[in-house]
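Student: Here's the letter readout for the chains.
Protein chains: 2
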Amino acid sequence: MRPKIYLIGDSITEESFCDGGWGASLAHHFSRTVDVVLRGYSGYNTRWAVKVLERVIPAAKGSGDGADEPLAVTVFFGANDACLPDRCSAFQHVPLDEYKHNLRSIVSFLKKRWPTTHILLITPPPIDEDARLRHPYVENPLNQPERTNEAAGDYAKACIAVAGECGIPVVDLWTKMQQFSDWKKAYLSDGLHLTQMGNRIVFEEVVKKLKDEGVSLETLHVDLPLISEINPNDPLKAFEP
Amino acid sequence: MRPKIYLIGDSITEESFCDGGWGASLAHHFSRTVDVVLRGYSGYNTRWAVKVLERVIPAAKGSGDGADEPLAVTVFFGANDACLPDRCSAFQHVPLDEYKHNLRSIVSFLKKRWPTTHILLITPPPIDEDARLRHPYVENPLNQPERTNEAAGDYAKACIAVAGECGIPVVDLWTKMQQFSDWKKAYLSDGLHLTQMGNRIVFEEVVKKLKDEGVSLETLHVDLPLISEINPNDPLKAFEP
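Protein sequence lines, in the order shown, are assigned to chains A and B.
First residue of the first sequence: 1, per our numbering; consecutive thereafter.
First residue of the second sequence: 1001, per our numbering; consecutive thereafter.
The following block holds chain A by itself, in its conformation from the complex (with noise of 0.2 angstroms):
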């Protein structure tokens, strides 16, 4: 069987497999060596991912010989836990104590039912004020950003916190967006969400992390014959058992 990494997320890993996506591109970096599995959920926080986990993650039936645990697992959990507590979209905020409390349950469920799955955490992105007030998601009479980039760097600071207490890698997305003059028109197209830039940002990061734990195309097995490998004068010497 072909090993797998599982994507857990909110809308940004759920719109992953979109053109340039950063999940498809994973795809297709390990297309003959991993199953890319998409558990994004558009718009949920910490607080409703806890309540969710049995369900996006069953238990395995069977033998329990750990057949079923995945590879990896990237969770990336925060963009929405900072909307702010007094602006239009209050009903998915998350207090910022809570948010570290949940990223905990989030990560000791993974690791109590996959012992041996590399967990690996995503910051939220930096947010764009002014493209959050022209690219409202719902009313807004305030017109005041349901977001902001000091509040997301907070819960991206409280991500790395946790991945550090929790001894797992983590993507420090919001600071490393914020590396290049041009992010804000590069990295987002709404000033939340990801350009295919942006996406790109997240693929590169995430194969470096999975890379730094052992998981790479350098050590994972290709399970059948490439065709580079295949002799043209007796291909079929290729298939035998």
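Worth double-checking, as some hints may not be accurate.
Stated by the list, open to error - Derived DSSO-like pairs (lysine-lysine); straight-line CA-CA distance at most 30 angstroms:
1) A/K208 with B/K1004
2) B/K1004 with A/K209
3) A/K111 with B/K1004
4) A/K112 with B/K1237
5) A/K4 with B/K1209
6) A/K211 with B/K1004
7) B/K1112 with A/K4
8) A/K51 with B/K1157
9) A/K4 with A/K157
10) B/K1208 with B/K1112
11) B/K1157 with B/K1211
12) B/K1237 with A/K111
13) B/K1051 with B/K1111
14) A/K209 with A/K185
15) A/K112 with A/K4
Unchecked claim - Where chain B lies over chain A, by a calculated footprint (3+ residues, C-beta under 8 angstroms):
16) 8–19
17) 35–46
18) 113–122
None of these hints come from the bench; they were simulated from the model.
Quick reminder that beta carbons are idealized off the backbone N, C-alpha and C, glycines included.
Guided by the hints, dock chain B onto chain A, whose structure is given.
Tutor: Below, chain B without anything else, positioned relative to chain A:
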């Protein structure tokens, strides 16, 4: 457990998660309902596919209650079988009668292993012979195209015949693409593989055929509440058991 759609085929399947690829588009389209599983093997013909089927589709472990059966599977071979026997990619050539025999074997195997799964055949695409000369995959001392559009058409017709015999649906990509006068440039990147627009055709045709079989967003189960179903005044209500 979320249902699966398997994509089995050659490089046009293996590369289907590239930017705008038809596999990625399927995964995006079904992002909350279906897992799309990639089983593309670049360069493979039906002769080699028959040899490896047992390894591509391992027998289900455990209960045998059909829980592991995918909802649907696409079978997309023929582009390599149709290489001419006296040209530079002759080692991939499979005679037309053997191609039909092999396709029938693949369908029988799948029907036996997965009795309830919808099987969908896809014919090879048309060939732009001039472009094949400009983009050789191997040394081509004769300077003649290793594939012709006429031969690809013969394999496409054979594929359609097998689908008819087996009583299963088929996407006639060879004909569909040539209905557009600029098909060579619009749909093919190197005379064989697909551009983003070519990928779009495959995606749309597969979605249409799946819908004919009763597999569509209208009939599939979304396994967790959509954000539109969550009451902003009482979000947790949506997550009660």
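Student: Each hint needs a verdict: does it hold in this structure or not?
Tutor: Structure-based check of each hint:
no. : hint                 : in the structure
1   : A/K208 with B/K1004  : holds (29 angstroms)
2   : B/K1004 with A/K209  : holds (28 angstroms)
3   : A/K111 with B/K1004  : holds (25 angstroms)
4   : A/K112 with B/K1237  : holds (27 angstroms)
5   : A/K4 with B/K1209    : holds (28 angstroms)
6   : A/K211 with B/K1004  : holds (28 angstroms)
7   : B/K1112 with A/K4    : holds (26 angstroms)
8   : A/K51 with B/K1157   : violated (52 angstroms)
9   : A/K4 with A/K157     : holds (28 angstroms)
10  : B/K1208 with B/K1112 : holds (25 angstroms)
11  : B/K1157 with B/K1211 : holds (23 angstroms)
12  : B/K1237 with A/K111  : holds (28 angstroms)
13  : B/K1051 with B/K1111 : holds (17 angstroms)
14  : A/K209 with A/K185   : holds (25 angstroms)
15  : A/K112 with A/K4     : holds (17 angstroms)
16  : 8–19                 : holds (count 5)
17  : 35–46                : holds (count 8)
18  : 113–122              : violated (count 0)
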